[in-house]
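**Q** Chains as they are written, first to last, in numbering that gives the first Met the number 0: chain B, 0 to 312; chain S, 0 to 344.
In case anyone wonders, no lab produced these hints; they're calculated from the structure.
Be aware that a few hints might be false.
Said to hold, decoys possible - If the Cβ cut is set under 8 Å, some of the chain S residues that face chain B in the computed set are:
{"id": "1", "residue": "Met70"}
{"id": "2", "residue": "Ala101"}
{"id": "3", "residue": "Met110"}
{"id": "4", "residue": "Leu119"}
{"id": "5", "residue": "Val122"}
As the list claims (entries may be wrong) - Listed next, the in silico DSS-like pairs over lysine-lysine satisfying Cα-Cα at most 27 Å (straight line):
{"id": "6", "chain 1": "S", "residue 1": "Lys37", "chain 2": "S", "residue 2": "Lys288"}
{"id": "7", "chain 1": "B", "residue 1": "Lys125", "chain 2": "S", "residue 2": "Lys37"}
{"id": "8", "chain 1": "S", "residue 1": "Lys82", "chain 2": "S", "residue 2": "Lys37"}
{"id": "9", "chain 1": "S", "residue 1": "Lys94", "chain 2": "S", "residue 2": "Lys82"}
{"id": "10", "chain 1": "S", "residue 1": "Lys37", "chain 2": "B", "residue 2": "Lys123"}
{"id": "11", "chain 1": "S", "residue 1": "Lys37", "chain 2": "S", "residue 2": "Lys94"}
To be verified - Part of the chain S face toward chain B, derived, beta carbon under 7 Å:
{"id": "12", "residue": "Ile72"}
{"id": "13", "residue": "Arg104"}
{"id": "14", "residue": "Gly105"}
{"id": "15", "residue": "Gln106"}
{"id": "16", "residue": "Ser117"}
{"id": "17", "residue": "Ala118"}
{"id": "18", "residue": "Asn120"}
{"id": "19", "residue": "Pro121"}
{"id": "20", "residue": "Phe167"}
{"id": "21", "residue": "His169"}
Even for Gly, the Cβ is constructed at its ideal location relative to N, Cα and C.
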Amino acid sequence: MGRYVIRRLLQAIPVALGATLLIFALVFALPGDPITALAGEKRMDPAVADALREQYHLNDPLLLQYWYYITGLLQGDLGTTFSRVPVSQLLVGKFQVTINLAFTALILEGVIGIGLGLWAALRKGKATDTAILAVTLLLISVPVLVTGFVLQLVLGVQLKKSLGIDFFPVAGAFEGWRSYLLPGFVLAGTSIAYLTRLTRTSLVETLRADYIRTATAKGLTRRRVIGRHALRNALIPLVTYLGADLGTLMGGAIITESIFNLNGIGQQLAQSVYLREGPVVVGIVTFLVMVYIVANLIVDLLYAVLDPRIRYE
Amino acid sequence: MKKTAADVLPTEGGLGNEPLLAVDDLHVEFTTRQGVVKAVNGVSYDLRAGETLAVLGESGSGKSVTAQAIMGILDMPPARIPKGAIRFRGTDLLKLSEEARAQIRGQRVAMIFQDALSALNPVFTVGWQIGEMFRVHRGMSRKDAQKRAVELMDRVRIPAARQRVHDFPHQFSGGMRQRIMIAMSIALDPEVLIADEPTTALDVTVQAQIMELLAELQRESNMGLILITHDLGVVADVADKIAVMYGGRIVENAQVHDVYRAPAHPYSKGLLESIPRVDLKGHELYAIKGLPPNLLDMPPGCAFNPRCPYRQDNCVSSEPPLYEINSTRSSACHYWREVLDGSHG
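With the rest of the complex left out, here is chain B:
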């Protein structure tokens, strides 16, 4: 088990290198000159521009630039932006916002998705089941832009105006965990729908298994047959899905962060791509790649805990 973890972490190194190089090359290939853009409408003194280019190694070939970046990264230096702010300082607070948002979304997804899915499975073919499936279809069909603004208006604004309930902040991250409820739900929307359906299918399938019939024949109550024997097995594919989804939630927050004006890495990423801030973009992407890798590793390890038939050597 320990050797497996080490091997998986070692495998992450080439993945991280490849991903950063790719992103670096893409930023490099963007049209336009970031130094000229820095001066805005005014003309920049060519000597100053040259000095800046020299300082940021912009005249060097791609691979050399990448080398400078990686050696800096290994010494804990994420580089500086063109406006001379260290990238690490720029990102640290924003990562916190995005992580809070992603985990709020993940928790909402897990609780609502699995809850609704189990409920639907246990009422298979009845009205509840059909209603839950209809709701998931709605969640999948309506885009984030619509759910975001509608929830802002209904739960944020109207609820306060008509009933005086001021519980859901509509923008910013100033109200602690409550600030993340609405954006978290919006971000998790489609994932909730998929997880609900996956949970329903998984439990319905499991309840058909031979060992469920055995458990019933042992004289166990239906509650115990479902709660212990079926659930343990039905949960296995759901954990995989949830783990893999964490990366998606982290990287997919650009629109949600904009709607709810959360100052996270999604907004920063969009802005930095626009300004051709290579080190910032690569820093964010490297972080996301690491999140994916670690989340997948945790999922694989959890898999072995949940399903004893799986062993890692």
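Go by the hints and put chain S onto chain B.
**A** Same frame as chain B, but now just chain S:
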């Protein structure tokens, strides 16, 4: 006053002349999209303590459905029991509340299944699964239940039980898994054990060991054993009596040696003749012609008539009742005399 489970539960009564378990004119049907499938149409058999009844028949003959009805583990719906009774020590199980039935299921009437790999839960250790019987039904602690699980694994002769109690089902061989299944079913000393094709998934040498184990456990505890199988070879050594099923009905009831000597129903006769025999090596193996009946569209009269070499006109026009041949024997064939004579000759 509302009766509690203890008031209606059969206790010591029913022994003596009364059988331990009596299935009486049981009907089971399933509602499907294609129509109503009549899986069991008036099955009756009984079982006494210490006795082994073999229920013989091909897939779809209703033998497993009857067993699941006894256990009360049929999914209802789609299943329905429109008629019949299942008396355990004189009490009709079908009239009991679900609560009262749960007190019998697994504790006094237990069951083992065909494929032990899929019948055991893959994510729990075998010790946990055996011990669950003691924890749930006897309120034992985890530790005591584990100790009892080891004892039971010893009793069904699983080597190194003390270590293996922590293993998962997939870590055992097929024969050992079936022993685990048996250990779990006999955990609470049931009075009736139903074994639904317990050896079908195993190879021949292991089959013999499992049958021997079941026979031995039965001798020790005097429980009644219902052995469901399609394999006549398995039956001969261990069963006392036999019920042959076809198309959801019992076509022949007999002591096991009587059937082997001279079957009284064309279907039992066909089954016996289709066993490979050393003295007939080189001859073509006999096979019953035709296909099992479609339960959605049963042939009129006797269900076996399209495949029967003894068929006469009245086999199509009237369904044969279960004719009593003597006190231990009956056959659902209008021409049982001819079949019996033909068998002797």
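**Q** Taking the hints in turn, state whether each one holds.
**A** Evaluation of the provided hints:
1. At a threshold of 8 Å, the smallest CB-CB gap from S/Met70 to chain B is about 5 Å, leaving the interface hint in force.
2. Using the Cβ-Cβ criterion of 8 Å, the hint placing S/Ala101 at the interface with chain B is satisfied: the shortest such distance is roughly 5 Å.
3. Against a cut-off of 8 Å between C-beta atoms, the interface hint on S/Met110 holds, since the closest Cβ of chain B lies about 5 Å away.
4. Because the beta carbon of S/Leu119 sits about 6 Å from the nearest beta carbon in chain B, less than 8 Å, this interface hint is met.
5. Taken as an interface hint, S/Val122 checks out: its beta carbon lies about 5 Å from the nearest beta carbon of chain B, inside 8 Å.
6. For the suggested pair S/Lys37 and S/Lys288, the alpha carbons sit about 23 Å apart, so the restraint of at most 27 Å is met.
7. With a C-alpha separation of about 26 Å, the suggested pairing of B/Lys125 with S/Lys37 holds against the 27 Å cut-off.
8. Only pairs whose Cα atoms come within 27 Å are accepted, and S/Lys82 paired with S/Lys37 is accepted, the gap being roughly 12 Å.
9. Distance check on the hinted pair: S/Lys94 and S/Lys82 sit about 12 Å apart at the alpha-carbon level, within 27 Å; holds.
10. A C-alpha spacing of about 25 Å is found between S/Lys37 and B/Lys123, which places the hinted pair at or below 27 Å, so the restraint holds.
11. Distance restraint check for S/Lys37 and S/Lys94: the Cα-Cα separation of roughly 21 Å lies within the 27 Å cut-off, and the hinted pair is therefore satisfied.
12. Here the hint on S/Ile72 is kept, as its CB sits about 5 Å from the closest CB of chain B, short of 7 Å.
13. Because the beta carbon of S/Arg104 sits about 4 Å from the nearest beta carbon in chain B, less than 7 Å, this interface hint is met.
14. Checking S/Gly105 against chain B: minimum C-beta separation of about 3 Å stays under 7 Å; hint holds.
15. At about 6 Å, the closest approach between the beta carbon of S/Gln106 and any beta carbon in chain B falls short of 7 Å, and the interface hint on this residue holds.
16. Taking 7 Å as the C-beta cut-off, the interface hint given for S/Ser117 holds, the closest approach to chain B being about 4 Å.
17. Taking 7 Å as the C-beta contact cut-off toward chain B, the hint placing S/Ala118 at the interface holds, the least distance being around 5 Å.
18. Proximity of S/Asn120 to chain B holds as hinted, the smallest CB-CB distance being about 4 Å (cut-off 7 Å).
19. The restraint placing S/Pro121 at the interface with chain B holds, with a minimum CB-CB distance near 6 Å, inside the 7 Å limit.
20. The closest approach between the C-beta of S/Phe167 and any C-beta of chain B is roughly 5 Å, which is under the 7 Å cut-off, so the hint is satisfied.
21. Of the supplied interface hints, the one on S/His169 holds, with its beta-carbon coming within about 5 Å of a beta-carbon of chain B, less than 7 Å.
Taken one by one, the earlier hints all hold for this structure without exception.
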